[in-house]
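Generate coordinates for the entire structure from the input sequences, incorporating the hints supplied.
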Amino acid sequence: MDIFQVSDMKEIRGKVWKFGDDINTDLMYPQICYTLKEEEKPYYAMSANRPGWSKLVKKGDIIVAGKNFGTGSSRPAADNLKNLGIACVLAESINGLFLRNSVNSGLLSLGVPGISGRVNEEDIVKINMEDNTITINNDTIKFTPLPDFLMEIIENGGIINILKNKKLLGNPL
Amino acid sequence: MNTIEKILKNHSIDKPQEVSPGDIVTVNVDKAIIVDMAALHPEFINNPPIKPFDKDKIAIIFDHFVPAPNIEIANRVDKLRKLARLWNITDFYDIGRGGISHVLSSEKGWLKPGSIIANTDSHTISTGAFNVLGRGLGTPELMGIIATGKTWFMVGNTININFENKLPEKSSAKDIFFKMVEQIGDIPNDNIEFHGEGIKYLDMDQRSSISTMCAEMSAEFAIFPFDGILSNYLEAHSIHNVNPIYPDNDAIYSKTYDMDLNEIEPMVAFPDRIINNVKPVSEIGKIEINSAIVGSCANGRLSDLKDIAMVLKNKKVNRNVRFIVTPATMDIYNEALRLGYISDIVESGAIVTNPTCGACLGGHMGVSSENDVVISSTTRNFKGRMGSPASKIYLGSSRTVALSAVNGYISGE
Ligand code: SF4
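Residue numbers (our numbering), protein chains in the order written: chain A, 1 to 173; chain B, 1 to 413.
Where hints are given, some of them may not hold.
Unchecked claim - Calculated cross-link-like contacts (lysine to aspartate or glutamate; reagent style DMTMM-like; alpha-carbon spacing at most 20 Å):
| no. | chain 1 | residue 1 | chain 2 | residue 2 |
| --- | --- | --- | --- | --- |
| 1 | B | K150 | A | E152 |
| 2 | A | K15 | A | E38 |
| 3 | A | K37 | B | D78 |
| 4 | A | K37 | B | E72 |
| 5 | B | K150 | A | D148 |
| 6 | B | K79 | A | E152 |
| 7 | B | K112 | B | D203 |
| 8 | A | K18 | B | D78 |
Claimed, not checked - Cβ-to-Cβ under 8 Å is the rule here; a few derived chain B residues that face chain A:
| no. | residue |
| --- | --- |
| 9 | E43 |
| 10 | I50 |
| 11 | N75 |
| 12 | K82 |
| 13 | R85 |
| 14 | I95 |
| 15 | A147 |
| 16 | I184 |
| 17 | P188 |
| 18 | N189 |
| 19 | M259 |
| 20 | E283 |
| 21 | K383 |
FYI, nobody ran anything at the bench for these hints, they're computed from the structure. Every residue gets a Cβ at the ideal spot worked out from N, C-alpha and C, and that includes glycine.
Shown next, in the form of structure tokens:
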């Protein structure tokens, strides 16, 4: 997270993990995470609703979920998904706070109505960031992209990098 | 424009004539609130903002972990004390002086009608009771606001909820919220404006309980109108010169719902989620509990303590039940002491903790075990929220919690 990274995201391709409606932040980042070492935190993601899942996630995998993804608290839940290797979240709808946190952590999350009915677990999904389409097998779905200023935050690896570049952040307390 | 659009427009740095759904606005923030949890975000401790955009518009409040439950948290939050000194923050509320940020904000007069509040905690939507837009934000985003005084919002659609008539004696504001959820479900990115005759029967505690809980519908903002009740509250707290915002006559709402408050009975949310998971207590049969919790930003207010004191007076908490009560702020705690509520509660066999979020987030002061069946008037019942993921968390009003604590099973009357 400390390294300044600009990735040019033209296409994201990954294997799907499917989740249902109302997946909340406390499932992604249980309270115990707050005081764990950074590298241990991600392994507690979804440990209450899907024990063992976090160990199976490979870098570049994609989450496809139902309605209201990320409902809940302001905790850094998106960081846990990103640090597990999740490349993108696609959900029927996304909680506003989670979307902001996701962007600010440098994780792409997109609300794509209809997505969960058209994707199965382990499908390979291709997200084309240039023409705003998602391809699964032979099926193509158009999505509404995030506003440019939010994509810029994601491409910079999150808001902290941007604040650092603007010299707004200081020394450790 | 509706109320929410007007407040966003008034704060927009681009000074547009009008804003409407789909627009993105950059706004000036009137107050930025940092709670102790921010100290648990590594970036905040490692790279804090160099200086605040306006130190008098920043508040630092210890609430989630008061007092610190372990060494790690004690060390982390101590760094926030250092920051408060470094920035010379006047609105710094450490242990024994403040309480839960959302409730404290209203007592301190920061919720001036028509303003915009940013806070590191997700229940900042609670400000809506005061005709104020508030948003919970992640710590990294708040760091940006501390440095610049600005943030952005996407203008969402707004639904209109009309309250009619008066709530029956046996029911509470929390029950209104559960009935709303049953009717409407979740509404990510949409706003709520409350209107209707029924509002005049709801006091500030009740309105705050409802607006706070709207976070659980994933609403963006949930705002009440400015009226005599709010105006009296502000006067009583010496808050003058307010600039309330009213909707235009031709304000647009994407949908209107009517709710007859007179028909609302005590409700309960079943474990793990609220959405699609609420029922009237009268229809749930006998569900035994062994833990009862009253508190949180939604229901740790003076009226909650009064409700439970009335239930507990001259009664005993069921011997199979542990009952923990957490006032939301020191002012509420003191007032409840003065009015005798605290002794009614304690004499029944319940315990009263200091103001903190405590059990609500499973941090301390009532962490649930794998065998616990909890009835709680806090905000969330996510799996594992209050401790072990195997514990079962039911949510209800504070009154329902107290009745259940006495009976040993979930009871609405
Ligand atoms: S009381 Fe609960 S919901 Fe409210 S701010 Fe504290 S932890 Fe969050």
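Does B:M259 hold up as a contact with chain A if the rule is Cβ-Cβ below 8 Å? The hint is violated - B:M259 has no Cβ within 8 Å of chain A, the shortest such distance being about 22 Å.
Under 8 Å, Cβ to Cβ, is where B:R85 needs to be relative to chain A, so tell me if that hint holds or is violated. violated, 11 Å
Would you check the hint for B:K150 and A:E152, treating anything up to 20 Å between C-alpha atoms as holding? holds, 18 Å
20 Å limit on alpha-carbon distance, applied to hinted pair A:K37 and B:D78: It holds: about 19 Å lies between the C-alpha atoms, which stays within 20 Å.
Less than 8 Å between beta-carbons is the criterion; does B:P188 satisfy it with respect to chain A? Cβ of B:P188 sits 5 Å from chain A, so the hint holds.
Next item in the hint list is B:I95. Is there a CB on chain A closer than 8 Å to its CB? Status violated, d = 19 Å.
Satisfaction of the B:I184 interface hint, Cβ to chain A closer than 8 Å: With Cβ-Cβ at 12 Å, over 8 Å, it is violated.
Next item in the hint list is B:K383. Is there a CB on chain A closer than 8 Å to its CB? holds, 5 Å
Just to be careful: measuring from the Cβ of B:A147 to every Cβ in chain A, is the smallest value less than 8 Å? Status holds, d = 4 Å.
Using Cβ atoms only, decide whether B:E43 comes closer than 8 Å to chain A, and label the hint accordingly. Holds, because the Cβ-Cβ distance from B:E43 to chain A comes to roughly 5 Å (cut-off 8 Å).
Hinted contact B:N189 with chain A - closest CB pair below 8 Å: holds, 5 Å
CA of B:K79 to CA of A:E152, is that 20 Å or under? Violated. B:K79 to A:E152 sits at ~31 Å, over the 20 Å cutoff.
This entry does not satisfy hints 2, 6, 8, 11, 13, 14, 16, 19, 20, going by the numbered hints stated previously.
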